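Enquirer: The chain contents come next:
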Amino acid sequence: MTRAVAKSELGVGARLLRKEDARHLNGKGQFVSDLKFPNLQDVAFVRSPHAHARIKSISIPADLEGQVFAADHLPHLTEMRAVPQVSGFRVAGYPALAKDKVRFVGEIIAACIAPTRGEAEDLVGQINVEYEILPAIVDPESVLESAPSLLHEGWPNNLYIERVFEGGKVDEAKQAAEIVVERRYRMNRQVAVPMEGRAVLAYRDQRLDELVVYDSTQVPHIIRLGLAEVLGIEERVIRVVAPDVGGGFGSKARLLPEEVIVAALGAQLDHPVRWIEDRGEHFLSSTHARDHDYKITAYADARGAILAVDAELIVDAGAYALWPNGPFLETGMAARNIPGPYNIRNWRVKSFTVATNKAPIGPYRGVGRPGACFAIERTIDEIARQVGRDPLDVRFDNLVQPSQMPYMTIANLLFDNGDYPGLLRLCAETIDVAAVRARQKKGEPDGRLIGLGFACYSEQTGHGCGEWVTRGSPFIPGFESCRAQLMPDGTLVLYVGIQSHGQGLETTLAQVAYEELGIHPAKISVRHGDTGLSPFGNGTIASRSTVMAGGAVAKTSRLLREKVIQVGAHLLQCSPSEARCEGGAVHGPRGSVTIEEVARVAHLRMEALPEGVEPLLTVTSTYQPAIDTGVFTFAAHAAVVAVDVRTGAIEVLDYGVAEDCGTVINPMIVEGQVRGGVVQGIGTALYEEIPYDEQGQPLVGTFSDYLMPGSAEMPEIKVAHTETPTSFTEYGVKGMGEGGAIAPAASIANAVRDALASIGAEVNETPLTPRRVLAAIRAARDRVSPANGRGQRK
Amino acid sequence: MQIRLTVNGKPVRADVTPRTSLADFLREALNLTATHLGCEHGICGACTVTLNGQPIRACLTLAVACDGYEVRTLEGLLTDEIMLALRDAFHRHHGLQCGFCTPGMLVSARDLIQRGKAGSDSEIRKGLSGNICRCTGYTDIVRSVRKAAEALSEAGKVRSPSGDVSKVPA
Amino acid sequence: MKAAAFEYARADSLAEAIKVLCSATEAGQDAQVVAGGQSLLAMMNLRVSSPDLLVDISRIEQLRVVLDESDAIRIGACVTHAAIEDRAMADPSRGLMPMVAGNLAYRAVRTRGTLGGSLALSDPAGDWVTVMQAIGARIGLVGDKGRREVEALGFTTGLYETARAPTEIIESVRIPKLSAAARWGFSKFCRKSGEFAHSIAAVVIDPERDFARIMLGGSGAAPMCLERASQSLLQRAGLQSVERAAEDDLANRDDAHDEFQRSVHGATISSALSQVLS
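In order, the protein sequence lines correspond to chains A, B and C. The opening residue of the first sequence carries number 0 in numbering that gives the first Met the number 0; numbering runs sequentially from there. The opening residue of the second sequence carries number 0 in numbering that gives the first Met the number 0; numbering runs sequentially from there. The opening residue of the third sequence carries number 0 in numbering that gives the first Met the number 0; numbering runs sequentially from there.
With the rest of the complex left out, here is chain A (with noise of 0.2 Å):
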């Protein structure tokens, strides 16, 4: 499968300037809530103030039938339900529009539709409804003892699902220990904010006499499954289109009430309607994430090898669970990640995915690995400084060794490739650990401490069928489709079931294309994003569109190769085994003819074409890695921090990351993904937090309360690489989307420790919010345990 690329200009491995820049930088966009369409009004929604309660009634003024929809004006609608094949998973339907009980606050109980939102919304203010309110379940610890109430009916406790994962023999191992590290980790809960909210906008088109829905969403094709089963009506009259979409990372993969009651408004009434998200909205009632609770032990020899990890795993999943996977997915990744790229051969971890009244969780870059990452990446900071060694050489010694490739975990990933340590040593390049100490040594004029920390990991990406099958995945996101046709001019459309919001994929598949058929990319179209142009895909989500949509690109564009190169023989009067298809031309001993030659001829002059021959150059397939477990990118992540010990205020004074994600498409879009990912997850590590109260109200809803990194706080992220081809892909590319988001709240959690070594304080919650490291300083001042600050620095 994988061919070595020589470097080019313009395909594999080219620093492509992008094609989709152009309409951007002219302001002519095209985002859903850009889209103008005659009579279309604006949908508001009147949404639950309370956490738990059941709903009583709701009054809505006469003058207002028509505009006002609540669950009994769409009874035809039925509930989402996530049924992931995992046994034990508790199953609940999520109606779109409450019913009977409203489960979090923000639910959806009707929809009111107005021709501009102001208007909407100020009908939501005349709606009247009557609560029942219930206790509210907020702290998911609490699940695990008693609750004073049920969310769903018919379950015997708030509980999707308890499961524990497991491999070697921990308690075996543990004997023989020489020391033990046990630590509880918080990753609090937080959303994704793509700057671009989610947005809906729904019509009949008459003349096709199909429901056509712009979503801002990554997942078209799965949307549209989704809203067929929902609604009660047939795919083939249900068009998706995810338009210029602001922004994913995972949070707009999921079918959501808002997209449902769009979608069932714009099949019933006769005028496109459209819900755009307003920031509150979105922190109250998009795809929340994380919220992960870790009680870790870790049992290691004297030197810091770790022999065993047990582990407590609470999921604070809330009310629902989102369609399609519901939120064991999150659990599961999370799990089987905890040994992180360590050689742990006993493993075992004990897993809660509870139900609470917040918003419902769902992916967000990196989705079960971060918090993994941070409890695995922290203990293992702990375990070297109980043994009295660098954090860094402890690593060392307990990372997957190349000798070791491929290397299946305890947890059934199966590692590929990769030269983990030589990683790990080129990100301390990066950050210059020597001269960090020294200046650690020196003192900051302003007093504040100087801290270094290192996080790694490895990213499963572009896993297929099996996989997604243990899974238990309802939909088995294991292959993807491209359908490569050329015009009669000979310039080249490529449809596919990705879709792309800011990776660069209509560039970077363009180039994948040039590579196999030599058409210049400023001559290609990539089309994405429209059930009702491309062949069935499974969007982009899990890391998976550089290996997938890549290879289904490479695999299609050579297949319609060889028919050009059949039809080009044939016009050149040579076997096609004679010619080659290079430089945009078939070139035979006697001569060459271009792709416009043959395309003009394969669909204008059919006389000219080989006997057997069919019109037309236009090819579908399906594209599977030659593995289905995945290829893992892996990458090491360096946090240079100062904390000022009197507010708690940690800034990042420096950023390394060194990753190895397999051939590179074009360098510099992997770069700018690494860049993102990376801030997302310095996000996580010291600002974002959607905390509830014990009422289960939510208190943040601006972004004056949720902090977002902005371009005063971040370093400059550096970024270094290496490009170790894997076997199993097209090019021996690797996915990489997610990861920079993984690691920096383990690597900036890690430096802090470091900073703060001499008072032996430890933040183990993000975010590390000052008022939690000057906690963490008063506890470590107050605590006269000797466990604390022992370890000694070389």
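None of these hints come from the bench; they were simulated from the model. Quick caveat, the model's predicted, so the values are computed rather than measured. Any given hint might turn out to be false.
What the hints assert, rightly or not - A few chain A positions that, by computed beta-carbon distances, are all more than 12 Å from chain C:
| hint | residue |
| --- | --- |
| 1 | Lys168 |
| 2 | Pro401 |
| 3 | Arg438 |
Said to hold, decoys possible - Taking lysine-lysine and the DSSO-like style, the derived pairs with C-alpha atoms no more than 27 Å apart in a straight line are:
| hint | chain 1 | residue 1 | chain 2 | residue 2 |
| --- | --- | --- | --- | --- |
| 4 | A | Lys440 | B | Lys116 |
| 5 | B | Lys146 | C | Lys18 |
| 6 | C | Lys191 | B | Lys116 |
| 7 | B | Lys146 | A | Lys27 |
| 8 | A | Lys717 | B | Lys116 |
| 9 | B | Lys9 | A | Lys35 |
| 10 | B | Lys9 | A | Lys717 |
| 11 | A | Lys717 | A | Lys27 |
| 12 | B | Lys146 | A | Lys18 |
Even glycine gets a Cβ: it sits at the ideal position worked out from N, Cα and C.
Given the coordinates of chain A, work out where chains B and C should sit on it, guided by the hints.
Expert: Relative to the frame of chain A, chains B and C by itself:
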């Protein structure tokens, strides 16, 4: 209420409700959709446009309050010298990914360069703190702005810090 | 979210503005003055505030005038933060005000937001409220009963409450010119550039005018004058003595039990003081 203003160099007359923000007026009444809404509380910067030459938040400005004023959005700044350099630099240096924050970012960056506040990375970072980007991690944006400022400087096209802000033309 | 509906009136003169305010108030309407609107419109967009009538005073020339009154500069209430940042007028504060202005929110907010608007809102986390009180400014108010001037110190009477009557408008802010030997210090603690501060410390000492004041803002309903520390500063005590006195002042605060807040206040106060007492 009747208002008359100049938008991207063209005179506009319209009848708007008082509560219509300038952002919604531009986007919905004039179909100038480059200006985006990311928060409607003035922090994210996606709605940044210029009013009488100064960058403002279109989400926190009422259309009725702009009567008699001059508004420019990205669409009306495309051939501006500084904006040309910026757009070229953003393309060359990967200063955008999803593109949603980009119009506001460009308007803010142009103002920075115009006022002579794009002399260093840290100055640029401080100056762009009012524009949130979720995709790029800022490194490539800062480089793009710096490169644009350098190119303009080399070509002798950067003007000295702009005129008197205390004068708000009626 | 979109604001609820309201009526809008643009006043071309102070007299007109006051007249409209008065008649609206008499008619039982909730009328609000709007200048830059950067705070008010944000609240209205969230429907946290929904006035019936907005009276736009941003075009009133009189409110943008800057006067030199020999020992003070009087700045019109509608002068923007950006104008102060850009030093578009004489600066009585020897650099304090332009510096504060330049670090307030974001440029695109500063071009519309006004000094008077900030003071009228009196958000405890707003910089001007603390700084104007530190520098001993006076606030000029005008209403249907005429003009009056009050000390900025004490202008804030509670959370978002001020001494301004509902039918009064802030007309100007009179800032005494700092003498050549005056010194100032300013420090604020924000986690992120442009966001509201958790602690703001502003110190002004002008021995020639027998004036020393240390103000602490950012948390609590109103900025607090650190009386003991200000006294100590006036008496030319050293940094450590003044800091100790400040600690005593801090112990009297409502949030004194909040160790984090105390530590942060201590940090900004120290930082501001060390700019003055190096």
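Enquirer: Hint by hint, note whether the structure agrees.
Expert: Verification of the hints:
1. Lys168: 45 Å, holds
2. Pro401: 42 Å, holds
3. Arg438: About 22 Å separates Arg438/A from the closest Cβ of chain C, which puts it past 12 Å; holds.
4. Lys440/A - Lys116/B: 35 Å, violated
5. Lys146/B - Lys18/C: 53 Å, violated
6. Lys191/C - Lys116/B: 20 Å, holds
7. Lys146/B - Lys27/A: Holds: Lys146/B and Lys27/A sit about 24 Å apart, inside 27 Å.
8. Lys717/A - Lys116/B: 25 Å, holds
9. Lys9/B - Lys35/A: Holds, at about 22 Å.
10. Lys9/B - Lys717/A: 45 Å, violated
11. Lys717/A - Lys27/A: 32 Å, violated
12. Lys146/B - Lys18/A: 20 Å, holds
Hints 4, 5, 10 and 11 from the list above are not met by this structure, while the remaining hints are.
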